[in-house]
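Protein chains in written order, with full-length UniProt numbering: chain A, 1 to 316; chain B, 1 to 316.
Hints are computed from structural coordinates only; laboratory data are not their basis. Any given hint could be a false lead.
One copy or two, either will do: identical chains are not told apart, so a pair holds if it fits within one copy or between any two.
What the hints assert, rightly or not - Simulated pairs of lysine-lysine, DSS-like, Cα-Cα distance not exceeding 25 Å: (1) Lys120 with Lys223; (2) Lys223 with Lys154; (3) Lys166 with Lys270; (4) Lys106 with Lys38; (5) Lys106 with Lys219; (6) Lys306 with Lys106.
2 protein chains.
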Amino acid sequence: MTTLSDVAKEANVSKMTVSRVINHPEQVTPELRVIVEKAMEDLNYHPNSIAQALVNNRTNVVKFVTLEDIDTTEPYYINLLFGFARGLNTKQYAMQLVTDPSQIEKGRADGYLITGARNKDYDMFDKLDKPFVLFGENHRGYDFVDTDNQTAEKMATQYALDRLYKRIIFIGIDIKEPFEYSREAGYINTLQQHQLIPQIYRVSNHSHAAQDVIHEHFKGFKKDTCFVCASDRIAVGVVRQLQAEGARIPEDFGVIGFDGVFLDQVSNPKLTTIKQPIFKMGEMLASMLLQKIAQSGSPQGEVMLKPELIRRETTR
Amino acid sequence: MTTLSDVAKEANVSKMTVSRVINHPEQVTPELRVIVEKAMEDLNYHPNSIAQALVNNRTNVVKFVTLEDIDTTEPYYINLLFGFARGLNTKQYAMQLVTDPSQIEKGRADGYLITGARNKDYDMFDKLDKPFVLFGENHRGYDFVDTDNQTAEKMATQYALDRLYKRIIFIGIDIKEPFEYSREAGYINTLQQHQLIPQIYRVSNHSHAAQDVIHEHFKGFKKDTCFVCASDRIAVGVVRQLQAEGARIPEDFGVIGFDGVFLDQVSNPKLTTIKQPIFKMGEMLASMLLQKIAQSGSPQGEVMLKPELIRRETTR
DNA sequence: TTGTAGGCGTTATCAG
DNA sequence: CTGATAACGCCTACAA
């Protein structure tokens, strides 16, 4: 591996000049800069991030903390992870995956990405001594990235109306968290604009729970109803039970999911769904976190990315 | 952060003695060792892995390389990743995720875990200058961890016979890779033991491809047939088309999947499947790779983990 | 068995 | 604007 010294020799300057060309190029005369850059090029020099980390008291490692149980969660974490990784790679950062909250501050890291945070988890955050960002909206002032949940369900609801479904029913997740409130708000607002009355069922985020609800209330559902669901899991359950009841999809009943990762592709018929730009969210989170680290913890704000409605086979 | 020096002062010894207590405890007298250990304890000392990395010319980072397209792959990678991460955490290692093969040697790492390798990829491996291990069986002498694919399909086939299905048909993946050959071999061997004639269809690893094959040949399938499938995706397609043809599962037709991650849980009826210990494989891969790094590249051999047959609703 | 000196590759600081 | 020096925290080699 070529080092700073090698480049310095090659360019006939001191190590410091080379270092400056890398970190503070404006402090070096253009002529010298060109020479040094050529030397770096010729020797294929890349700074040793470990040595940099040592002097800067950095680790070049961040932790990816998952507070949710990954087994029961949608497989979209893989996309978030790879997006996050892509973002980290630009700065030669690496990550450690942590599922046990007590392990967060164990070992060394420059910062944390925290996913799956619920209300009960927030107390812990203020005690963290390193910068962190959240995946998932919150209203406590913590930096985060999320889908624009409200707009997403507005899109879904409006689309259902455009397709001339007369009644729109929301099947939500029975959890008191901001993302769920936002999704419901998007649905409610859109209905109100059209002077329609919201009708909401809330179930645990499993397909069979959704099946149960459809089974129980099926007689009350009239034709031309569209179910706007807060997750693909729920949507899959709704579709399945509607089929079991002999209902025709999408002619008489529509179903719209939420997530757009994997499940929508293997279901039959294929789900119309709200697709979140998860990979991109991962990338955003990485750049946000790295920036926050570089700026010694300064706030990065909130980022809400626009989702996309994927039209497939469960809406007419 | 407390350093080696702090501990040394506290214990009234030199830094080296402390260092030795950590790395070569046998070279230190028991009495001193106790004193130093107490000092480390009192000061809550943890070695700075970055400084260690610098002197040892290590990075404490390994790369997780995915040569497969993660979008089209089973969501089991998430479990592999978390298992791998668990294994790395024991040694304070971090990882970088890489999907672009040309990026493998970019930046720094002490070694690589390579997944999704196909025949065409092997040429590249010999050029790698860092230790690596593979996820997925191969017969070229590279260290790997995988499910025992052959035993797995033996179990599946034998189980189908035990459940008194008279004909067992294998629906494989149309790919010329060791894992597929091993799965087929497990099936074929078991049939031959019972003097039955193997019948194999091969399709691309998508549910609709499996659907097509079932649709096309359905008339040729008699009652009491069990389909042993090389993946859950295929199994899901088989189930779906059998249902579409009006066949009764599991009474007249059985279906057994392979993978046991996620898909089997959301399908309806729930899949009987071969569950791979993926998390554990991830952990194994990590310890194997770390050991290989520690032993400067010495071979670690092949590890085939026993899978488990999960009996659910698609077999009688 | 224990300690001293030096160096890993980089950067901040201060002098020129 | 550029360079010499020291320091980050640890470990190897050698000396006592």
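Here's how the hints hold up against the structure:
no.	hint	in the structure
1	Lys120 with Lys223	neither (41 Å within a copy, 54 Å between copies)
2	Lys223 with Lys154	within (22 Å within a copy, 49 Å between copies)
3	Lys166 with Lys270	within (22 Å within a copy, 34 Å between copies)
4	Lys106 with Lys38	between (42 Å within a copy, 20 Å between copies)
5	Lys106 with Lys219	neither (55 Å within a copy, 61 Å between copies)
6	Lys306 with Lys106	neither (36 Å within a copy, 33 Å between copies)
When held up to the earlier numbered hints, the structure conflicts with 1, 5 and 6 and fits the remainder.
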